[in-house]
Amino acid sequence: NAGVTQTPKFQVLKTGQSMTLQCAQDMNHEYMSWYRQDPGMGLRLIHYSVGAGITDQGEVPNGYNVSRSTTEDFPLRLLSAAPSQTSVYFCASNTIRGSGANVLTFGAGSRLTVL
Amino acid sequence: GQNIDQPTEMTATEGAIVQINCTYQTSGFNGLFWYQQHAGEAPTFLSYNVLDGLEEKGRFSSFLSRSKGYSYLLLKELQMKDSASYLCAVRSNTGFQKLVFGTGTRLLVSP
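Protein chains in written order, with the working numbering: chain G, 1 to 115; chain W, 1 to 111.
Any given hint could be a false lead.
[What the hints assert, rightly or not] DSSO-like cross-link-like pairs, simulated, lysine-lysine; straight-line CA separation at most 30 Å: (1) W:Lys57 - W:Lys98; (2) W:Lys57 - W:Lys68; (3) G:Lys9 - W:Lys76; (4) G:Lys9 - W:Lys98; (5) W:Lys76 - W:Lys57; (6) W:Lys81 - W:Lys57.
Please keep in mind that the hints were generated in silico from the structure rather than gathered at the bench.
Between the sequences and the hints, there should be enough to build the whole structure, so can you do that?
Structural data, given as structure tokens:
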């Protein structure tokens, strides 16, 4: 099992550009989520999904879109990048079943810089 | 809403014991997690408490008091590789059961 795979690991964008951060998991987890991590702020939830076709906003959703067409994939789209979106982004997944219920498995992270 | 407090930074010596505290305020509590995050890496799960008391897992233990809104992570026999950030996260019992993370405690272990 690869776990949670995120791409790209690094990206530099200019203000106004759009891009998609990819996230895939092979653990058949129901829940997937996107967090951003900024110095002194902790991990903050951007968007989450409780299953294919179902998404909802987290704490800091503005400027981001998500979709969940399959159980495995949960891409995060930046519509028009802004310097305030410079951050490290983590995709995570978890199941609600069994002994590992609710434990988040994180991807390796994507470091995004917006100039 | 939820509010989580933990110290920003701690230092300790190899072989020693260190306790990292976490206090929280939440409108609906449904569990507390500790994650470890090495610099430049993803967080990894350490422990989970939902009932009061101590959970022990090797060199690491985690304690919870729901009435006090308090948890601690105890690391024994510290090793250099324990130098990392330790994230306290509280899960709510509403809707998606969102996790809210504290800002993390950076632990530096010196020889």
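Are Lys76 (chain W) and Lys57 (chain W) close enough, with their CA atoms no more than 30 Å apart?
-> At roughly 11 Å apart (the allowed maximum being 30 Å), Lys57 (chain W) and Lys76 (chain W) satisfy the hint.
Are Lys57 (chain W) and Lys98 (chain W) close enough, with their CA atoms no more than 30 Å apart?
-> Since the Cα atoms of Lys57 (chain W) and Lys98 (chain W) sit roughly 25 Å apart, the hinted pair holds (cutoff 30 Å).
Does the alpha-carbon distance linking Lys57 (chain W) and Lys68 (chain W) stay inside the 30 Å limit?
-> This hinted pair holds, its Cα atoms lying about 23 Å apart.
Take a quick look at whether Lys81 (chain W) and Lys57 (chain W) sit within 30 Å of each other, Cα to Cα.
-> Roughly 17 Å between the alpha carbons, so the hint for Lys81 (chain W) and Lys57 (chain W) holds.
30 Å Cα cutoff - pair Lys9 (chain G), Lys98 (chain W) = Distance ~25 Å between Lys9 (chain G) and Lys98 (chain W) Cα, so the pair holds.
Does the alpha-carbon distance linking Lys9 (chain G) and Lys76 (chain W) stay inside the 30 Å limit?
-> Answer violated: Lys9 (chain G) to Lys76 (chain W) is near 34 Å, above 30 Å.
Checked against the numbered hints listed earlier, the structure breaks hint 3 alone; every other hint is satisfied.
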